[in-house]
Amino acid sequence: MPPLPLLRLPGLVLCDVFRSLSIDEKIKLSTCSKKISTQINNARLYSQRVIVNLDMINQEIRVHSENDEDKFDIFIDLDSWKIRNSRKRFKTYWKNYREGFLSVIRHLLKIFQCKIVIKKKKKDCH
Amino acid sequence: MTSPASSSEVKYLIESSEGNTFDVSGAALRQSNTFNAMFLNIGADGPIPFTDYNEATLKKVFEYCEHSVNEENYSGPKHQDDLSKWDLNFFNEMDQKMFIDVINASNFLDIERLTSYCCERIARMLRGKNTQEMIKVITLPTAEELEAKQKVEEKKAAAAKKVAEKAAETAEKTETLEELPVQQLVQTTRNKLTRKYLSFSNE
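Those protein sequences? They're chains C and P, same order as listed.
Each residue of the first sequence is one higher than the one before, counting from 1 in the working numbering.
Each residue of the second sequence is one higher than the one before, counting from 1 in the working numbering.
Just so you know, these hints were derived from the structure itself, not from any lab.
Computed from a predicted structure; not experimentally measured.
Please note that a few of the clues may not be correct.
[As the list claims (entries may be wrong)] Only some residues are given here: those of chain P computed to face chain C with a beta carbon under 7 Å:
#1 Gln96
#2 Asn107
#3 Cys119
#4 Glu120
#5 Ile122
#6 Ala123
#7 Thr131
#8 Met134
#9 Ile135
#10 Ile138
#11 Thr139
#12 Leu140
The C-beta atom is built at its ideal place from N, Cα and C for all residues, glycine as well.
Chain C on its own, in the form it takes in the complex (with noise of 0.2 Å):
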């Protein structure tokens, strides 16, 4: 099938087609460019609510729906480039934890205006 022009689509049809996509159908395509990430952004309200979990430790971040249906880890490592993709996780390369956790957070804040949840230590718990 040839390619289809999804940015031409009218505004409520692109906001029915986010709305059906999963959370991690959605930050894939938010990476693809940033006009998208704006649409996507644009129609936050009308899809599933999203919580972002940082669990610094692990150097992840778990990006799930308010029923935990919905979940999507994206890993914060070092020393390479490129990003890898798999069906439930997304592995992102940085030069430090500190610049890569800030600019994933970035990206997520821009896309759903989320909440962020900070995991915290088991003994700080109790």
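Since the structure of chain C is provided, determine the placement of chain P on it from the hints.
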């Protein structure tokens, strides 16, 4: 005026962008919320103009509406797996251009069921793909294409700047040429006047 009960028997004339008209049943048209809001309750005397869309697209949209007249009331979007054989054939028959035209028309006519099926179909095109595959599906320009486009734009801007500079230079030249005789004229008239004044004062 047409009552909702008799609307299935009533036929409406629809006018396409080519100026052609064709019949559509009231029951099929009732699925369009735009039509419901605009015409169904007040009736339409002449053909209803949907002149933004061509005949083939409108016929395709109303073919779907005619088919889904007898189906149960629409209750939210369904998964593509739930589509009937007829629905799948309906979508598979269309080429890409027609598919986009149908989406635009169904969005304008506000036919919820058709719009949501179309959206689900688009979502299905993106499902299970990585970023590179998604870029291929949705026709985004690659980094190289963007660079080439930027270079062409820069060249165009430079050429336009050169043309503007040349035009400004020629305009300056013409201005100086035009100014010379005027200055001469002013000088000569001034000389004449001073002479006259002098002669008058001498008398």
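Here's how the hints hold up against the structure:
1. Gln96: Gln96(P) check passes; min Cβ-Cβ to chain C is 5 Å, inside 7 Å.
2. Asn107: Because about 5 Å separates Asn107(P) from the closest Cβ in chain C, which is inside the 7 Å limit, the hint holds.
3. Cys119: Holds - the Cβ of Cys119(P) comes within 7 Å of chain C, reaching about 4 Å at its closest.
4. Glu120: 6 Å, holds
5. Ile122: 5 Å, holds
6. Ala123: Since chain C brings a Cβ to about 4 Å from Ala123(P), closer than 7 Å, the hint holds.
7. Thr131: 5 Å, holds
8. Met134: Cβ of Met134(P) sits 5 Å from chain C, so the hint holds.
9. Ile135: 5 Å, holds
10. Ile138: Because about 4 Å separates Ile138(P) from the closest Cβ in chain C, which is inside the 7 Å limit, the hint holds.
11. Thr139: It holds, given that the least Cβ distance between Thr139(P) and chain C is near 4 Å, below 7 Å.
12. Leu140: With a minimum Cβ separation of about 5 Å from chain C (threshold 7 Å), the hint on Leu140(P) holds.
In summary, the structure agrees with every hint in the numbered list given earlier.
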